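Going line by line, the protein sequences match chains A and B.
If you count the first sequence from 1, position 67 lands on 67 in my numbering, and the numbers rise without skipping.
If you count the second sequence from 1, position 172 lands on 172 in my numbering, and the numbers rise without skipping.
Some hints here could point you the wrong way.
Claimed, not checked - With a cut-off of at most 30 Å between alpha-carbon atoms, the simulated DSS-like pairs for lysine-lysine come out as follows:
#1 A:K170 x B:K189
#2 B:K95 x A:K170
#3 A:K320 x B:K189
#4 B:K113 x B:K148
#5 B:K148 x B:K95
#6 A:K320 x B:K150
#7 A:K320 x A:K347
#8 A:K170 x B:K113
#9 B:K113 x A:K320
#10 A:K170 x B:K150
#11 A:K170 x A:K159
#12 B:K95 x B:K150
#13 A:K239 x B:K148
Just so you know, these hints were derived from the structure itself, not from any lab.
Remember, it's a predicted structure, so these values are computed and weren't measured experimentally.
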Amino acid sequence: MDELDALRGMRTALAQEEDADRLALRVDWRARPERPARLRRRSFTVPAVGLVATASVAAGALVVVSVAAEDERPANVSASPGGNALLVAAANAERAPGGRYWHTRTRSGEIYAVGDSRAHHYKVDSRQGTETWTDRNGSARTAHVELADVPLTAEDRRKWQAAGSPEWVKIPNPEGGSEQALLDMRTESEGRDGWRPGEDDYLGMTRQRIAALPTRPDALLSDLLGLKGAWRAASSSTKKEPIGALRGEERIRALTDVAGMLLSTAPAPPKVRAAAFRMLADLPGVRAEGPAADPMGRPGTVVSLPLVTTVPLGLYTAPKQLGTYRRQWIIDPGNGRLLAIRDLVAKPPRGSRPLPPGDRGQSRRLEARDMPDRFHRPGELADYTVYETTEWTDRSPS
Amino acid sequence: MARAVSRVARPGGPGAGAAALDDPGLVAASLDDPEAFGELFRRHAPRLHAYVRRRLGSTLAEDVVAETFAVAFRERRRFDGRSAFGAWLWGIAAKQIARHHRQETRMYRAFAKSAVDPAEDGVAELASDRAAAAAHGPRLARALASLKPKDRDALLLLAWGEMSYAEIAATLDLPLGTVKAKIHRARTKLRAALPEEDDHG
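Chain A with its partners taken away, still in its complex shape (with noise of 0.2 Å):
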């Protein structure tokens, strides 16, 4: 018997949920007095993307390579310049083929320096996946895939080897504090957790709503345009705003999101994807580079975001990086897909900045020699994630 089955099947009288009612006749969290003696904080507010987004990678330094892709197919629309890429890719996920299913395996990473000095440093790819499987009534089940750390580059993988191929690799943790910060390198650690229940929520719009989003660019933007959420990188407020709210790089940083999100893990219908597509080749400061490859080796087209920083969306007090980022994405115009989408080092870290309490209330403080990305060069990669499978598919799920 597996020592975690043993556990399992330990004390499984006491397992048994309770009927919330019951329960909440029960136990009267209300009635509890307030311990004294807690710390007074300070409120906390922050601007929202003003600490960071000061130093900006000037959109004029980047090298506009407008990717013509005749060998593709034609575009048949006339573009701004760099803007024919996404349109190709739109042209292109029109034509993707339907099924039963709507299957994705996404895969992300972020990348730890390991080691005292820029000199004597190697680069950790720590990885983790997630696959879900939707059908047409709208049912889910997803599961979190567990992977190994693995050494960046073949470079990186010499110097871990040179270390003793450590199973485990001990990194500063990002958030200060006194507990030390792990990277599992071991393959044995691989594998799928069990299926649970899919949650109908992409980035605040259900299955449904998506399904039944405009097909034409104007009129998608417009509806996002009113989706309301959390979309500021920091706030101390709890409200949800629109993104019509926004202005500049915020709101294209929410559209650009929402923009990945449904060309990549939301069971979008081929002619919305088309829609987001070229919604974003009509956004500012959006354009297509040159060729690079994904993550996985897969040849693209780079997209760039007019973008500092990458502070995820969302409900958080405080950014918790010190340096500045750059978004980009990759897409494959022939299939119509976004392949992956990774964010490299503008600014690398500096200097400290305190974060308020955690949630737990303990103090916390971000300095630059804890950070992932100490010893990372401008334009080298700090993380991404790739979208391994986004398919319709009539293949059964596995």
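Dock chain B against chain A, hints included.
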């Protein structure tokens, strides 16, 4: 990112329309209408209570669950919407459980010594449970008693909380790799405590 607790929205609860809101929406609504928090209790308390009871026994469990929801309610303005509400709530519960660390350990030790589990006092056991407990319970209890508090937290969230590594990391506010290391260490100890002839299966 982690989603900790599958939730069941129930129609017709107190607070009109409360069941239609998602968890962060309920937290936000509860700032103006404290009753909205009651729906969060209905969604999350049964599973949390079962987990806490399995660790601390029936008597302490109600106290810990009440304190967890009381803290969550008081601190709801600070709810970090980036993590799932369930992860946040279970993180608060982990802290409350930690306050009873010595009592928890005492119960494991007593079980290991006497083969009678004090946590199950007054709870009707299934016959199959009794058989399994006779076989492994005291050994497992001894190993559980020897674990470091955070290692035990991580392991039991996996085995009894049915969470994924990512969810455990969000709940305990630890890096994913650290959680894996803790569980690896804890499992090794448990494996060593089980009889040899039981191979992996």
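Problem - Hint check, failures only - result: Checked against the structure, the hints that fail are numbers 3, 8, 9, 13, while the rest are satisfied.
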